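Asks: Numbering (numbering that gives the first Met the number 0), first residue to last: 0 to 441.
Any given hint could turn out to be false.
[To be verified] Label pairs and their in silico Cβ distance ranges:
1. 175 - 122: 45 to 55 Å
2. 175 - 393: 14 to 24 Å
3. 427 - 32: 24 to 34 Å
4. 377 - 28: 50 to 60 Å
5. 222 - 333: 15 to 25 Å
6. 433 - 385: 55 to 65 Å
7. 84 - 381: 19 to 29 Å
8. 118 - 24: 22 to 32 Å
9. 81 - 377: 42 to 52 Å
10. 399 - 84: 43 to 53 Å
11. 31 - 433: 42 to 52 Å
12. 333 - 175: 23 to 33 Å
13. 264 - 44: 48 to 58 Å
[To be verified] Cut-off 27 Å, straight-line C-alpha distance, at most; resulting in silico cross-link-like pairs (DSS-like, lysine-lysine):
14. 306 - 245
15. 31 - 208
16. 55 - 233
17. 306 - 63
18. 62 - 339
19. 386 - 427
20. 371 - 341
21. 233 - 306
22. 371 - 80
23. 341 - 206
24. 375 - 55
25. 55 - 341
26. 386 - 233
27. 62 - 371
28. 63 - 427
29. 386 - 306
30. 339 - 386
31. 62 - 341
32. 341 - 427
33. 206 - 80
34. 245 - 62
35. 80 - 31
36. 306 - 339
37. 427 - 62
38. 306 - 375
39. 55 - 427
40. 208 - 62
Read the hints as simulated data drawn from the structure, not as lab findings.
Please read all numbers here as calculations on a predicted model, not as lab measurements.
All C-beta atoms in this analysis are idealised placements derived from N, C-alpha and C, irrespective of residue type, glycine included.
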Amino acid sequence: MSYKKLRRLPLAAAALLACMSAQADYTSPDGKFRMSGFGTIGYSRASTDDVYFNYKGQGGGSKKSGSLNPDSKIAVQGTYKITDTVSGTGQIMAKYDADGDYIPTFEWAFVKWQAMPSLSFRAGRMGAPFFMISDFRDVGYANTTVRPPLDVYAQVPVSNFEGVDATHQLSLGSVTLTSSALYGEANADYANALFSDGSPATPAQIKLKGLTGLNFLAELDNGLMLRLGHVRGKLTISSASSNTIKAGLAPVIAGTAGPINAFFPTAASDAAALAATVTQADTDASFTGVGLSYDQNNIVVAAEYTKRRIDGGYVSDTTGWYTTIGYRFGAWLPYLGYGKVKVDDPNATVPAVNSPLTTAVNGVQATLNTQKVSQKTATVGVRWDAKPGLAIKAQYDHISKPVDSYGMFLAADPLRDVATGSTFLNAKKSINVVTLSVDFVF
Numbered sequence: 000m001s002y003k004k005l006r007r008l009p010l011a012a013a014a015l016l017a018c019m020s021a022q023a024d025y026t027s028p029d030g031k032f033r034m035s036g037f038g039t040i041g042y043s044r045a046s047t048d049d050v051y052f053n054y055k056g057q058g059g060g061s062k063k064s065g066s067l068n069p070d071s072k073i074a075v076q077g078t079y080k081i082t083d084t085v086s087g088t089g090q091i092m093a094k095y096d097a098d099g100d101y102i103p104t105f106e107w108a109f110v111k112w113q114a115m116p117s118l119s120f121r122a123g124r125m126g127a128p129f130f131m132i133s134d135f136r137d138v139g140y141a142n143t144t145v146r147p148p149l150d151v152y153a154q155v156p157v158s159n160f161e162g163v164d165a166t167h168q169l170s171l172g173s174v175t176l177t178s179s180a181l182y183g184e185a186n187a188d189y190a191n192a193l194f195s196d197g198s199p200a201t202p203a204q205i206k207l208k209g210l211t212g213l214n215f216l217a218e219l220d221n222g223l224m225l226r227l228g229h230v231r232g233k234l235t236i237s238s239a240s241s242n243t244i245k246a247g248l249a250p251v252i253a254g255t256a257g258p259i260n261a262f263f264p265t266a267a268s269d270a271a272a273l274a275a276t277v278t279q280a281d282t283d284a285s286f287t288g289v290g291l292s293y294d295q296n297n298i299v300v301a302a303e304y305t306k307r308r309i310d311g312g313y314v315s316d317t318t319g320w321y322t323t324i325g326y327r328f329g330a331w332l333p334y335l336g337y338g339k340v341k342v343d344d345p346n347a348t349v350p351a352v353n354s355p356l357t358t359a360v361n362g363v364q365a366t367l368n369t370q371k372v373s374q375k376t377a378t379v380g381v382r383w384d385a386k387p388g389l390a391i392k393a394q395y396d397h398i399s400k401p402v403d404s405y406g407m408f409l410a411a412d413p414l415r416d417v418a419t420g421s422t423f424l425n426a427k428k429s430i431n432v433v434t435l436s437v438d439f440v441f
């Protein structure tokens, strides 16, 4: 079997093999090494072939034909105690990525120093704490729903960062207060278009430098948890489509494009304005979130409210929120949810030009269209804890998007949509997504 075919091997088979062969939560005889794992086999089917349903940034997803790709994943995690206070943790995960593959990668790789019972420091690659469940958002078994609500969680397609953090815990009666601070940088690949055969185009590279953040968590004995977080950094995006646009405009900006520069005096300035519109370089970016969860007496509630702010460039400012409620009946947990994400400020529009730069104008418009993500999601589902370590879920999502929005879906070819007129982008649409998943830990 070729390496390429191996990379695209259906994850369900690999997950089942791992689940059947792994020993649950292995600990070495000396107690220094512990290994565990988790995974999801998820099959989803959308009611449209116009776009792909997925986690933002994946190189494909689910359509009418259905797919295992958006949700299926498997991971193994190990921790080794170097000394009584120093340990190392690594987590290797295979999940559907921006290249449309399942390539095992180190999601986590860090060293932790427990300096005091209440104070710890970590350094390396760690989960990026943008959200309330950042550390376990990939662990389907730990979450009520099939996936974290995408109206909130798709706003930042970055799952880890490399740097340092410090965490302090304080107990005050029935309340445990946890505060943490971080510094580092984050990188992620992001698919924003596909080729005509459905394979992903060259993914964009997202970089967040000078990443700083503060998180505060209050946990009460009655099952209530409150969380406040704020992260900011410098955002840079390098995408093949934007680079192609800018490369094509470079001769016009330099004044060496022959007749265009000779007959159109504003050509150079028009080209410069178009190039600037699709540039996202070293821009101030921030993400703020407030979260609440409650799990007591069979009642389960979770809610988050978030804001993404980008000071310049073409990535839009957004606000997202969701609420999920459920009630346990023994091993069964039916739940309802509702969420929304809206564009507060597009941050960029196509500049007016008086030069024959139609191709570049269409490319710029296609890039900006990918930032039109407003949508609403109504969710109903049920979770069945079949046995310890194994949960089966069924979920139905009704997603509504307004006119002039792609929602959180992946459009196969935004440039084609500009040239021919997209009935999906330019119309109000409702899409239904049905998902069946099996979550397991081992």
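Asks: Does each hint hold? Answer for all of them.
Replies: Hint check results:
no.: 1; hint: 175 - 122: 45 to 55 Å; in the structure: 24 Å, violated
no.: 2; hint: 175 - 393: 14 to 24 Å; in the structure: 34 Å, violated
no.: 3; hint: 427 - 32: 24 to 34 Å; in the structure: 55 Å, violated
no.: 4; hint: 377 - 28: 50 to 60 Å; in the structure: 51 Å, holds
no.: 5; hint: 222 - 333: 15 to 25 Å; in the structure: 19 Å, holds
no.: 6; hint: 433 - 385: 55 to 65 Å; in the structure: 20 Å, violated
no.: 7; hint: 84 - 381: 19 to 29 Å; in the structure: 44 Å, violated
no.: 8; hint: 118 - 24: 22 to 32 Å; in the structure: 27 Å, holds
no.: 9; hint: 81 - 377: 42 to 52 Å; in the structure: 49 Å, holds
no.: 10; hint: 399 - 84: 43 to 53 Å; in the structure: 52 Å, holds
no.: 11; hint: 31 - 433: 42 to 52 Å; in the structure: 45 Å, holds
no.: 12; hint: 333 - 175: 23 to 33 Å; in the structure: 30 Å, holds
no.: 13; hint: 264 - 44: 48 to 58 Å; in the structure: 55 Å, holds
no.: 14; hint: 306 - 245; in the structure: 30 Å, violated
no.: 15; hint: 31 - 208; in the structure: 35 Å, violated
no.: 16; hint: 55 - 233; in the structure: 20 Å, holds
no.: 17; hint: 306 - 63; in the structure: 32 Å, violated
no.: 18; hint: 62 - 339; in the structure: 22 Å, holds
no.: 19; hint: 386 - 427; in the structure: 42 Å, violated
no.: 20; hint: 371 - 341; in the structure: 9 Å, holds
no.: 21; hint: 233 - 306; in the structure: 16 Å, holds
no.: 22; hint: 371 - 80; in the structure: 47 Å, violated
no.: 23; hint: 341 - 206; in the structure: 23 Å, holds
no.: 24; hint: 375 - 55; in the structure: 15 Å, holds
no.: 25; hint: 55 - 341; in the structure: 15 Å, holds
no.: 26; hint: 386 - 233; in the structure: 45 Å, violated
no.: 27; hint: 62 - 371; in the structure: 20 Å, holds
no.: 28; hint: 63 - 427; in the structure: 19 Å, holds
no.: 29; hint: 386 - 306; in the structure: 38 Å, violated
no.: 30; hint: 339 - 386; in the structure: 33 Å, violated
no.: 31; hint: 62 - 341; in the structure: 23 Å, holds
no.: 32; hint: 341 - 427; in the structure: 14 Å, holds
no.: 33; hint: 206 - 80; in the structure: 32 Å, violated
no.: 34; hint: 245 - 62; in the structure: 33 Å, violated
no.: 35; hint: 80 - 31; in the structure: 5 Å, holds
no.: 36; hint: 306 - 339; in the structure: 12 Å, holds
no.: 37; hint: 427 - 62; in the structure: 18 Å, holds
no.: 38; hint: 306 - 375; in the structure: 16 Å, holds
no.: 39; hint: 55 - 427; in the structure: 20 Å, holds
no.: 40; hint: 208 - 62; in the structure: 35 Å, violated
In summary, the numbered hints that this structure violates are 1, 2, 3, 6, 7, 14, 15, 17, 19, 22, 26, 29, 30, 33, 34 and 40.
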